[in-house]
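Trainee: Those protein sequence lines, which keep their order, are chains A and B. Position one of the first sequence corresponds to residue 8 (this note's numbering), numbered consecutively onward. Position one of the second sequence corresponds to residue 3 (this note's numbering), numbered consecutively onward.
FYI, nobody ran anything at the bench for these hints, they're computed from the structure. Glycine included, each C-beta is placed from N, C-alpha and C at the ideal position. Since no wrong hints were added, every one of them can be taken at face value.
Keeping only pairs whose Cα atoms sit at most 27 Å apart, straight-line, the calculated BS3-like set for lysine-lysine is:
{"no.": "1", "chain 1": "A", "residue 1": "Lys225", "chain 2": "B", "residue 2": "Lys54"}
{"no.": "2", "chain 1": "A", "residue 1": "Lys554", "chain 2": "B", "residue 2": "Lys80"}
{"no.": "3", "chain 1": "A", "residue 1": "Lys327", "chain 2": "A", "residue 2": "Lys519"}
{"no.": "4", "chain 1": "B", "residue 1": "Lys42", "chain 2": "A", "residue 2": "Lys157"}
{"no.": "5", "chain 1": "A", "residue 1": "Lys225", "chain 2": "B", "residue 2": "Lys80"}
{"no.": "6", "chain 1": "B", "residue 1": "Lys80", "chain 2": "A", "residue 2": "Lys520"}
{"no.": "7", "chain 1": "A", "residue 1": "Lys427", "chain 2": "B", "residue 2": "Lys54"}
{"no.": "8", "chain 1": "B", "residue 1": "Lys42", "chain 2": "A", "residue 2": "Lys97"}
{"no.": "9", "chain 1": "A", "residue 1": "Lys203", "chain 2": "B", "residue 2": "Lys54"}
{"no.": "10", "chain 1": "B", "residue 1": "Lys54", "chain 2": "A", "residue 2": "Lys212"}
{"no.": "11", "chain 1": "B", "residue 1": "Lys54", "chain 2": "A", "residue 2": "Lys152"}
{"no.": "12", "chain 1": "A", "residue 1": "Lys458", "chain 2": "B", "residue 2": "Lys80"}
{"no.": "13", "chain 1": "A", "residue 1": "Lys152", "chain 2": "B", "residue 2": "Lys42"}
Just a sample of chain A residues kept apart from chain B, beta carbon distances all over 12 Å, derived:
{"no.": "14", "residue": "Pro27"}
{"no.": "15", "residue": "Gln151"}
{"no.": "16", "residue": "Ile237"}
{"no.": "17", "residue": "Met304"}
{"no.": "18", "residue": "Leu367"}
Cβ-Cβ distance ranges computed for the label pairs, FRET-style:
{"no.": "19", "chain 1": "B", "residue 1": "Asn75", "chain 2": "A", "residue 2": "Thr229", "range": "17 to 23 Å"}
{"no.": "20", "chain 1": "A", "residue 1": "Ile354", "chain 2": "B", "residue 2": "Thr84", "range": "45 to 51 Å"}
{"no.": "21", "chain 1": "A", "residue 1": "Arg437", "chain 2": "B", "residue 2": "Asp45", "range": "48 to 54 Å"}
{"no.": "22", "chain 1": "B", "residue 1": "Asn75", "chain 2": "A", "residue 2": "Asp552", "range": "27 to 33 Å"}
{"no.": "23", "chain 1": "A", "residue 1": "Leu367", "chain 2": "B", "residue 2": "Thr84", "range": "38 to 44 Å"}
{"no.": "24", "chain 1": "A", "residue 1": "Pro149", "chain 2": "B", "residue 2": "Ala37", "range": "22 to 28 Å"}
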Amino acid sequence: MIGRHPLFPKKRRREPPVPPRVETGRSRLLITGALFSAAFLVVTGRLIGVTMFVEKSQPQYSRTVGKAALITGRANIVDRNGNLLATSLKTASLYANPRVMLDAREAVNKLATVLPDLDRRQIYKKLTQDRSFIWLQRHLTPRQKHDVNKLGIPGLDFRDEERRVYPSAALASHILGHTDIDNRGLAGIERHFDQKLRENRSPLKLSIDVRVQHAMRKELATAVREFRGIGAAGIVMDVRNGEVISIVSLPDFDPNLPSNIDPDTRFNRATLGVYEMGSTFKIFTTAMALDTGRVSMQDGYDATHPIRIARFVIRDYHAKRRWLSVPEIFMYSSNIGSVKMAVDVGIAEQRAFLQKVGILHPSPVEISEIGAPLIPGRWREINAMTISFGHGLSISPMQLVAGVGAMINGGTYHAPTFLKKPPNSKSTGRRVISAKTSERVRRLLRLVVAKGTGGKAAAQGYLVGGKTGTAEKVVGRRYKKKALMSSFIGAFPMNAPRYVVFAMIDEPSGTKKTFGYATGGWVAAPVVGKVIARIGPLLGVRAVDEKAPEIVREMAIDIVTRKEGKRRLASF
Amino acid sequence: MIKRATLIWMFLATAAGIGLFVLKYEVKSMEGQLAAIHGKTVDNLEAVHVLKAEWSYLNQPARLEDLGRRLLNLEPVKATQTISIEDIPFRPVGAGNGVATNSSLTIHHPPAADQVPPLFAKIRRKQ
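Build the full structure now, drawing on both the sequences and the hints.
Mentor: And the structure:
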């Protein structure tokens with residue numbers, strides 16, 4: 008086609024000379040044509056580029072539709088088995104636009120028929136202001152929303168909001184904490200992990216087990232009722248990795264109703280409260296003395312006479328008035344013996360030891376309510392003496408539980424935690440005493456339950472060991488007589504320890520059944536025993552025959568007694 | 003000749019235009035369907051979410067314990083009610099698979115390996 012075109016004549020027609028004007032026209036045409044083809048080439052190239060390759064600068068017209076997912080403003084909190092502890096549910100909140108509202112008085116009267124909690128006068132005042140947005144009531148139930156819609160008042164509308172819901176109510180109130188109306192964490196886990204819960208969508212898995220939590224809470228509540236106490240605390244901790252399986256403080260509150268919480272019930276006795284722990288501290292004193300090697304199980308001290316120092320007199324509660332061996336000192340909870348043991352070890356060593364087992368620092372658990380221990384400013388001999396039997400030093404129950412866990416698990420301190428650890432994570436604890444000492448401490452703790460003051464903590468089949476603790480409460484600068492803090496720290500099974508169980512009752516009163524006693528052995532030990540009997544099967548701890556010869560041999564202790572200068576051996 | 007070529011091109015252009023038009027509307031309606039399905043999915047997820055909360059509310063251990071005690075006469079398990087698997091005796095040889103047989107008449111022979119449940123087979127091997 009081109010060949011026939013008058014502008015591109017064939018060569019043979021060139022015979023007559025081509026006039027210069029035609030020559031010029033031709034070359035111009037050629038250049039123009041080349042330019043045009045170049046432009047079209049660019050356009051073609053660009054077209055291919057745009058249609059076939061995606062560029063970053065290009066706006067996205069098509070949405071890439073991913074998985075449909077429910078997005079909540081705050082992640083769920085679940086227990087170690089995945090049971091829901093806290094979640095966010097969508098609710099409707101009612102607001103008004105007063106500028107659009109026709110008759111404020113009528114609107115208030117109508118609203119009051121479906122929302123009886125509304126303060127009519129205040130709402131009326133708000134509705135007559137010249138504003139375009141006011142909250143009337145947050146978080147309506149679906150029924151209330153339906154009723155308000157049916158009223159058909161112009162100027163009212165709903166806004167979707169979220170509300171934090173705790174399906175198990177008060178069961179784990181102190182550890183979970185609660186949120187305010189705008190879903191900001193105000194206490195407990197909710198506060199400590201506020202940022203993480205907002206940003207993360209995957210649920211936060213706690214180490215708590217709701218079944219164990221329930222068993223502990225129920226038994227503590229029963230004891231508080233029976234002994235007319237003013238409060239209680241209880242902890243169950245896995246000694247192998249520091250996971251807290253249950254932590255209870257009574258009285259507790261319903262986190263679903265954050266505005267109705269009684270300030271008294273907010274106080275977390277298990278982590279925030281610091282108390283003189285009393286005789287449970289003798290576990291540390293004895294373990295320390297045995298671990299330094301300065302005292303052996305066959306050694307003993309004369310506990311005939313009370314110790315007088317400065318203006319204090321240190322007496323025994325269950326006084327035997329004779330020489331006592333180390334196991335006897337532990338079993339009869341002799342203050343005199345413990346004091347002499349601590350003095351033998353030395354003041355500096357005692358301080359260093361307590362530092363190692365986490366007694367002198369606030370507990371590292373993941374909530375905001377943590378009490379700092381009350382430590383004497385100058386650690387003198389008198390302090391060392393009273394601390395040896397748990398006075399003159401106040402710590403939180405959580406610190407005690409973590410410390411005792413290290414004494415019985417083979418000698419490794421694990422920082423307590425409220426979060427479940429990944430199943431095959433290696434727990435990095437730090438060694439604080441030798442495995443041999445730990446094994447001796449276990450025998451001593453078993454002895455207390457088998458023969459001593461902690462008999463009521465026994466749970467058949469679970470080889471419970473433990474130590475009682477009773478302290479008079481300090482009010483101001485004085486001890487308040489008759490106001491006791493009775494506790495028991497137990498563990499099971501003593502041949503292969505898995506869990507530490509602690510129970511403490513605040514200001515219990517003795518009953519007829521306890522012959523008027525309100526000490527740890529009468530009040531708190533039964534709680535621990537009952538809790539262990541309930542949670543043992545739940546946690547998969549194998550029950551053993553406590554009278555089987557190999558178990559008896561494993562727990563046996565040679566008790567040296569001295570009577571009139573003679574040494575006798577009695578084996579338990 | 004020119005006319006035929008032009009006609010073909012015009013036809014192709016029209017066909018492409020109509021095709022594009024149809025495709026576009028089809029995609030649009032499918033997008034609408036997808037959005038509707040997504041909306042429903044989210045609604046269902048929300049319902050599931052609420053039901054999960056309800057489920058854990060109804061599964062509060064305190065409530066279950068109370069229901070168990072009142073309606074089923076159940077109590078917490080005691081240590082004496084548990085037993086370890088090693089303590090379970092094997093079925094006496096020849097007792098059969100629940101079928102009553104007269105042991106004095108049957109010939110005793112251990113069950114073939116493939117008849118032993120795997121769990122017990124493992125224990126038996128250990129012994």
